[in-house]
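Trainee: Now for the letters of each chain:
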Amino acid sequence: MSKTPVAAAAKGGSKMHNTLVYLRQHWQLYVLFMLPAFALTVIFRYVPMGGILIAFMEYNPIRGILGSEWVGFEHFNRFLSSPDFMRYLMNTLKLSVFGLLWGFPAPILLAFLLNRILSSKIKQKIQLVLYMPNFISVIVLCGIVRIMLAPTGMINMLLGTSTNFMTMPSAFRTIYIASGIWQGAGWASIIYTAALSNASKELKEAAVIDGANIIQQIKAVEWPAIKDTVLIQFIMSVGNIMSVGFEKAYALQTDLNLNASEIISTYVYKKGLLDGDYGFSTAVGLFNTVINVILLISMNALVKKMNDGKGI
Amino acid sequence: MNKKKKKSEFAKLPAGDKVLMLFAYTILGLFLIAIILPVIYIILASFVDPITLQNSGLSFDFSKWTTTAYQRVLSNSQIWVGFKNALIYSILFTIISVVVTLLAAYPMSRADFKGRGFFNTIFVITMFFGGGLIPTYLLIANLNMLDTIWAILIPGAFSVWNMIIARTYYMGIPRDLQEAAEIDGATEMVYFFKILLPVCTPIIATISMWQFVGMWNSYFDAMIYLNSASKQPLQLVLRAILIQSQPQPGMVSDMQSTAARAQLAELLKYATIIISSLPLMIMYPFFQKYFDNGIMAGAVKG
Chain P
382 MSKTPVAAAA
392 KGGSKMHNTL
402 VYLRQHWQLY
412 VLFMLPAFAL
422 TVIFRYVPMG
432 GILIAFMEYN
442 PIRGILGSEW
452 VGFEHFNRFL
462 SSPDFMRYLM
472 NTLKLSVFGL
482 LWGFPAPILL
492 AFLLNRILSS
502 KIKQKIQLVL
512 YMPNFISVIV
522 LCGIVRIMLA
532 PTGMINMLLG
542 TSTNFMTMPS
552 AFRTIYIASG
562 IWQGAGWASI
572 IYTAALSNAS
582 KELKEAAVID
592 GANIIQQIKA
602 VEWPAIKDTV
612 LIQFIMSVGN
622 IMSVGFEKAY
632 ALQTDLNLNA
642 SEIISTYVYK
652 KGLLDGDYGF
662 STAVGLFNTV
672 INVILLISMN
682 ALVKKMNDGK
692 GI
Chain R
207 MNKKKKKSEF
217 AKLPAGDKVL
227 MLFAYTILGL
237 FLIAIILPVI
247 YIILASFVDP
257 ITLQNSGLSF
267 DFSKWTTTAY
277 QRVLSNSQIW
287 VGFKNALIYS
297 ILFTIISVVV
307 TLLAAYPMSR
317 ADFKGRGFFN
327 TIFVITMFFG
337 GGLIPTYLLI
347 ANLNMLDTIW
357 AILIPGAFSV
367 WNMIIARTYY
377 MGIPRDLQEA
387 AEIDGATEMV
397 YFFKILLPVC
407 TPIIATISMW
417 QFVGMWNSYF
427 DAMIYLNSAS
437 KQPLQLVLRA
447 ILIQSQPQPG
457 MVSDMQSTAA
467 RAQLAELLKY
477 ATIIISSLPL
487 MIMYPFFQKY
497 FDNGIMAGAV
507 KG
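Protein chains in written order, with the numbering used here: chain P, 382 to 693; chain R, 207 to 508.
Isolated chain R, as found in the complex (with noise of 0.2 angstroms):
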């Protein structure tokens, strides 16, 4: 019935028009499978057996394919420690941000707010400008916050840009609920926590995705503060294995010649992209609900 009423529609159209709905169908079509073809080729190539894959890639001799590269990868204790450490470091950023940001966006949002013009400046300088890398470094370095967790979780836990997000999103809920608050002689942190962050939890949930992604994701700063493999996120473990081919010994030392080390390092990126790239395509669909809000947010301020 819906369906009908759809094609009618697009019988309806005039003939140009028609055209470039077609034309406007093909590039869109032809986009959406530029995004699932390479996913397709290293799912189905992450079976191939090694020596085929280095020699003519992809093959569809099912008598030769293999699960080696998943067995290996998943037997091996570097990529569960890369798992264990990203999920803590990314909870822990994600709390640690969003609880500092929050807080900073609440005197932010507030007209009568002393001062809120000072902070401003403060805060909207450091978006453009910074001492850059080096002296960073070595504040770090003087703080004696190298190879510990602090210096992933707390340099960079106040986001500027966050803090106008919600600010904006506390400025869009009516004032008459802070009077009635203020009548009934609530302090600063009742209201704050009792009336105003129950009504936004849309925005909280939207800027804890995207930190808590944006943690996961990221290797600079792993990179150059942490040194100990025990403190390695997934994504450095990752870069050693898909960018410098350099496997984790245990998984190819078994192997006798160094060409059949390095076929087997190729055939473990294919199964290393599938297996860390998983739990996030899985939560995936759940979290598309929090993105338009979000955008939308952000565009309020532009």
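Only chain P is shown next, with the shape it has when bound in the complex (with noise of 0.2 angstroms):
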């Protein structure tokens, strides 16, 4: 199998040839179709990573990154070490990881009962109220929940109480879940919904000829043609378990209950921004990001594992 080194050269040369012939009869793929996307990538994705820098100095914006100086893992020991570190990390972690138990089964659930409508009109109507508050913003979320909660609101009104829920930090995390349940759940059951519907036909109605009841549908005939749409889901979601949205947690903070719903992102926010103190924040903000890159790839490996080679 021995190949002369002309021979080797000249099938090089062939093959950069090719390469040049296939970029200039395909330069608008490049040029055209590309370009815009992956510029934007570099310079509002990747430029910004560079900046990560700032977490290892004492950054000031005046001198800039090079004039700054470097102080190594200063910041991460001083937010490590500070009592507020375990709080945030664990208010972080409570509310994703609570979040995903009691969000994370509702929409399947939800799709399941769904499924046992028989008119499919009147399904539709039904979709159609599930399916709303998804398109509800953050900040009218927040101010209906923070209406219904108020000492003289519906829930008060309807409990014959009037507490404050919004100041009580017991409160924040069941108020934040709930409130993720109320908007998110209808909407998340559709994917489960299309799966349901793909399930096959004929094997439903030999089911039911066979006289199979409704458990026994579901074990049968439901639950496995939705079992690979729940794992991938369950796994992007452990996978965004640290990235808990910024938006709506800021918006339900009060000044009383901060103790349960300062978590990493608020406070990245409020350090960087709010304080100036740039260098920390950015430290926080990366210990944060690796976390969550840590979960994504363990989680992935796992998956690998069970699913016989086949990653994500």
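Treat the hints as calculated values from the structure; they're not laboratory data. Just so you know, even glycine gets a beta-carbon here, dropped at the ideal spot from N, CA and C.
Some chain P residues close to chain R (C-beta under 10 angstroms, calculated; not the full set):
#1 Thr-422
#2 Tyr-427
#3 Ile-433
#4 Phe-493
#5 Asn-515
#6 Leu-667
Starting from two chains that each stand alone, build the complex the way the hints lay out.
Mentor: This is the structure we're talking about:
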């Protein structure tokens, strides 16, 4: 199988020649189609990654990155050894883990329930109502939540009490998660409803003819039809566990519930943009991102193992 | 006729299933009530007079009902500025974002595209890792984009997720269409605009809807990048009224006492929620047909 160097070089040359021909023929793909997205990605996604260096500096906006003083891991040490660190980390984790625990099954349950509605017309009308809250903005949602939970609001009216829930740290997570389910469960159920309606009709009819009751139908036909979707959705949710939305947590914060509602992203915002502590804020943000990436990689590895070497 | 058939279908079920079905309907019913009840409550309470509302909440003493909250909100110019800005930002953002995303998805959909793996890696990394808030903010500041509309429109214009969805959709279009076009000597541009895009309208509509609604409803970027009152989108105006309880000055300033201003500010929240949600809620049923195919497109990739 030995080739003379000349032949190999000729082959390499023709390969390069082929590439050049390809590029000349298809330059439009690169310049007209790809360039805008590529440029935006490099400028607004990759340049800021270079800015992570700030996390290791006492950043001075006037001197810029090149003129600022290096401080190594000082910001990380300061954050990790501060008494607040554990609280913010736990607030973030609890909010997302409990949010996942309650929020993840809700749309699956809804899809199963919807699947039992016999009339497709009624089902469509119900879906219209179920999806609606998804289109309400975070601000309006939080405005509604605050109104409902005010001392004279609807919840207190129904309970016959006058508690101010918004000032109770112990109520914050429940409020956050419940309002999340209120807003998102209907919309999130679409993907499962679609998977359920893709379940083989013949299989289901056969099951019914064989006298399978609802529980048996769910076990034999419906659950297998959505199992994969559930798994994929679960992995994606776990991968996003550290990226709890800033917008909603910030809009539900009050001075009195900060004990539970201050999470890493709101802390990064306050430290960085309100207090101007750029280096420290960047370090805290980086810490958050790194945990998220680690979680994602380990989750992907786990799935590969479970799923015969197929990751996501 | 149809109804009768459904009824008999239910009657045919075994007893155990009937119980389960009633159970399912009950839970679903409760969920629906939980969605609708707050909406009805807010509509009703928005007409109650401010003093009663603060002291005892919703009341059905119709003689005291008032439309003052609506008059005050609607006659305030900042709300309209917010609406106008939100509309401009959302439309421009949707156009820029959809164009950039659809263009990039095309080479990525072609198996013969050299460098596909490279671009894919570059893009996907940004879904999971980024510089974070401060480095991005400093970049925008260095580019002199602070307090300009571009800070809102440009940095987030390319959506990797939507690109993946569009790419998946393109790949479902039969190849013979392209081969026929190539034989006819069509250039990439002609094929893309004249042949590919027209058969992709469902996915374009879906992505456009996502981008529009997303921009309309977000407030974070506007909060950190825009300072001028004249540039604030609706959500920031709403945030002042609903979350910070700081209505626009003109809305309550004619009230004599602090207490009266606070009561009125509370009532204004109700009317503000209704007024700000109305446009989207009216358009919403028309969107519905795009929901399913969009979600399905997302499901393909998973």
